[in-house]
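Engineer: Sequence:
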Amino acid sequence: MANEAFMGEALALARDNIRAGGRPFGAVLVHQGKVIARAVNQIHSSNDPTAHAELQAIRQASQVLGRARLDGCEIYASGHPCPMCLAAMHLCGIERAWFAYDNAEGEPYGLSTAAVYEQMSRPPQQQSLALRPLKPAGEEGLYGQWQQVRPT
Numbered sequence: 001m002a003n004e005a006f007m008g009e010a011l012a013l014a015r016d017n018i019r020a021g022g023r024p025f026g027a028v029l030v031h032q033g034k035v036i037a038r039a040v041n042q043i044h045s046s047n048d049p050t051a052h053a054e055l056q057a058i059r060q061a062s063q064v065l066g067r068a069r070l071d072g073c074e075i076y077a078s079g080h081p082c083p084m085c086l087a088a089m090h091l092c093g094i095e096r097a098w099f100a101y102d103n104a105e106g107e108p109y110g111l112s113t114a115a116v117y118e119q120m121s122r123p124p125q126q127q128s129l130a131l132r133p134l135k136p137a138g139e140e141g142l143y144g145q146w147q148q149v150r151p152t
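Under UniProt numbering, residue 152 is the last one in the sequence shown; the count climbs by one each step, no gaps.
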């Protein structure tokens, strides 16, 4: 299956999701040339703000492959991935991501995440969401404790 066919499937999922009352987002995750996960944005049905199509596909693919790392995988998404989805792709090792509609095309419909990308480009202390360190007095060793018990 060629890249355009994978993207066509992601777009068909997005259109089906619109008909089901959801947002216009679908994703297809591919490993070694084969689709191993298909997903749509499920925020409308789950009330889970993280239920984006790309994250749903990553969750499915991890179960299919039996591992958290998705090295060797690529993802096809109907829309430009938001910062949360893009970060997840980086964290799990997806090697390539494709999208059909960019943030500029989504902007007139309230579907752009460009403002979030702009916020995240700022240092954490200058973002609109207050992020501050807070470690209680005497707290230490959490990561060292993990290091001692984690499997190698």
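Just so you know, these hints were derived from the structure itself, not from any lab. Ideal Cβ positions, reconstructed from N, Cα and C, are used throughout, including at glycine. Treat the hints with care, as some may be off.
Across the chosen pairs, the derived CB separations fall in these ranges [stated by the list, open to error]:
(1) Gly138 <-> Leu111: 32 to 38 Å
(2) Arg122 <-> Ile43: 24 to 30 Å
(3) Ser121 <-> Gly144: 30 to 36 Å
(4) Asn47 <-> Glu140: 21 to 27 Å
(5) Glu4 <-> Tyr143: 16 to 22 Å
(6) Ala137 <-> Asp48: 23 to 29 Å
(7) Gly21 <-> Gly144: 32 to 38 Å
(8) Gln32 <-> Glu4: 27 to 33 Å
(9) Tyr143 <-> Arg96: 29 to 35 Å
(10) His44 <-> Gly138: 20 to 26 Å
Engineer: Run every hint past the structure and note whether it holds.
Structural biologist: Hint by hint, here is what the structure shows:
{"no.": "1", "hint": "Gly138 <-> Leu111: 32 to 38 Å", "result": "violated (47 Å)"}
{"no.": "2", "hint": "Arg122 <-> Ile43: 24 to 30 Å", "result": "holds (26 Å)"}
{"no.": "3", "hint": "Ser121 <-> Gly144: 30 to 36 Å", "result": "holds (33 Å)"}
{"no.": "4", "hint": "Asn47 <-> Glu140: 21 to 27 Å", "result": "violated (38 Å)"}
{"no.": "5", "hint": "Glu4 <-> Tyr143: 16 to 22 Å", "result": "violated (45 Å)"}
{"no.": "6", "hint": "Ala137 <-> Asp48: 23 to 29 Å", "result": "violated (36 Å)"}
{"no.": "7", "hint": "Gly21 <-> Gly144: 32 to 38 Å", "result": "violated (48 Å)"}
{"no.": "8", "hint": "Gln32 <-> Glu4: 27 to 33 Å", "result": "violated (18 Å)"}
{"no.": "9", "hint": "Tyr143 <-> Arg96: 29 to 35 Å", "result": "holds (32 Å)"}
{"no.": "10", "hint": "His44 <-> Gly138: 20 to 26 Å", "result": "violated (45 Å)"}
When each numbered hint is compared with the structure, violations occur for hints 1, 4, 5, 6, 7, 8, 10.
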